[in-house]
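**Student:** Letter by letter, the chains look like this.
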Amino acid sequence: MKIPVVRNVLEANEKMAAHVRDTLTAKDILTLNIISSPGAGKTALLERTLKDLSGEFRMAVIEGDLQTDNDARRVAATGAQAVQINTEGGCHLDSNLVLSALESLDLDHVDILFIENVGNLVCPVEFDCGEDAKVALLSVTEGDDKPEKYPLLFNLAKVLVLNKMDLLPYVDFDLGRACNFATKLNKSLEIFEVSCRNGDGLQQWYAWLRRMRATKQM
Amino acid sequence: MHEMSIAQSLLQMAEDEMTRSGCTRLEKIWVTLGAICGVEPESLKVCFDILVRDTAYAEAKLHIIKLPLRLRCSSCGNIFGGEGQDALWMPCPACGEQLGHVVEQGRELLLNRLEAR
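Chains as they are written, first to last, in this note's numbering: chain V, 39 to 256; chain F, 15 to 131.
No wet-lab data here; the hints were simulated from the structure. Keep in mind the model is a prediction, meaning the values are calculated, not measured. Some clues are possibly wrong.
The following residues of chain V were derived to be distant from chain F, with all beta-carbon distances above 10 Å [unchecked claim]:
#1 Ala-50
#2 Glu-85
#3 Glu-94
#4 Asp-146
#5 Gly-181
#6 Leu-223
#7 Gln-241
#8 Met-256
Below are the DSBU-like pairs computed for lysine-lysine, each with C-alpha atoms no more than 35 Å apart in a straight line [claimed, not checked]:
#9 F/Lys-80 - V/Lys-225
#10 V/Lys-40 - F/Lys-42
#11 F/Lys-80 - V/Lys-187
#12 F/Lys-80 - V/Lys-53
#13 F/Lys-59 - V/Lys-40
#14 F/Lys-59 - V/Lys-196
#15 F/Lys-42 - V/Lys-187
#16 V/Lys-187 - F/Lys-75
#17 V/Lys-40 - F/Lys-80
Just so you know, even glycine gets a beta-carbon here, dropped at the ideal spot from N, CA and C.
Bound-form chain F, shown alone (with noise of 0.2 Å):
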């Protein structure tokens, strides 16, 4: 549900640079995406693009990089992970600790780069 406040969050960026840059089409916008962000995909496309719709960034395309989840073991500090949320569930491979995980990586929502005009 809180993908349109993201989406509006991610315009206000992409206007934000663009005015540094002197454009005023937006073309192509790359977000990225951890594995436990907690935005769904498809649903962060579906508002985006009613936000642009009948704006100057009609055209605009929203493109989503996932990055899969990487925990670093409360024991031994050993990293691994997986593709899906369900990786958080994994006991560590190398020394069996169950408990506590550190997520280093899977929290990510950045936006990475914008192709405008």
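With the rest of the complex left out, here is chain V (with noise of 0.2 Å):
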């Protein structure tokens, strides 16, 4: 027998994050959704978030991860509520998984829930966490070809955060190349140039970040 079709494939996932984005709206919590590479800094953007910003919003953080709870202690130090999920191998978080993670957190005390994914260009672009926004963070001690070799996540990310800037003059990073392919995926996609070590340019990240909660509360 044959059997016509024409399902997405992902359209469990695509429904239970609409559930996740319906439940996080109806609160009014602001969701972003962090993908990067290991190693970019992901983890070290939320920490100077949370402590700067800590008196202004009540944030959360959802945290993906292999293995360990490294990440969620690193973010709870901060004060803010702070759930790990240990995908045990798995390669990116999805709906599901954020949905299940949503029940350790008190949302009823929350502005703004940060999803950390899984450290990979790839897989986590696929599958929607139920995120009001993707933020693609980017290092330069990584290829500046990036933007090139996966594009899209640049292509549907809100926002470029350009980490490590403070070693952009000991590394071989076109910062200009980068940005170039970037933008040609992307027209509309915001860049900030920030050194979570030292702090540069995180005031443009805070104040993209007090624009999208404002919109999210109109």
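Assemble the dimeric complex from its two separately framed chains, guided by the hints.
**Tutor:** Okay, structure coming up:
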């Protein structure tokens, strides 16, 4: 028997993501899905942000890692709510994992929820986790051809945070090339050059968070 | 790496459709992959074969239909494209605009049809 179907293979995930999005939107929570390679500085960006904006927003973090709760402990040390998801080898978070993590958070006291995805520039991009926006994070110690090699992330992200700018003089990262290809993929991509180590440039990122949060409340 | 999750979803959907049609043996399954859907066809086939091994679906064959990339120019609206991911970097052949073309086709990841008994 021939059975014609035409169904989106990711439909189960997307349905669940819509449910997560509705749940978080009903509580006015801005939700951001942070995606980068391993070691680009996702946890460092969060540590800085959680500390610097602690007086302004109530923030929570869902930490995705293959193993260990090291990152959740780093993030929780700032006083923010944190919940760890161990994917046990899984290369990405999906909306089902995020939904179950939400049960461990007190959502009535959260303004911004960060989802720190598993370090990987490919797989996490395919799986909607119910976020309002994807945040691409790239560090200058990586190749400047990342936007060319992993176009989908830069195509779908709302912002690109370029981290470790303090190391730029010591590496061969061509800033123009990376930004050029990233904006070719995404004309409206906002790019923030930052150093989570010395704090340079973070004010632009914070200003964007404030704008996004304000838009979410409207 | 996420091809295993994709293969699992595919099989789950195939099972749903077969139950609906009263079938028990899966013979063939067709999947459409867009040029930039992020799924590696060979890797998806390997994952699929691993999942069906020693199951009632062991004979099932996965067929892949590839869809080329189609872009809509962000300036003049012209539709253009090419076979692979490289087409993402093409300037618009009509007006030369280089930035921000909209992906009209290429992200597809679809289950198209099944043959089952």
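**Student:** Let me make sure I understand: some of the numbered hints might not hold for this structure. Which ones are they, in numerical order?
**Tutor:** Failing hints, ascending: 1, 6.
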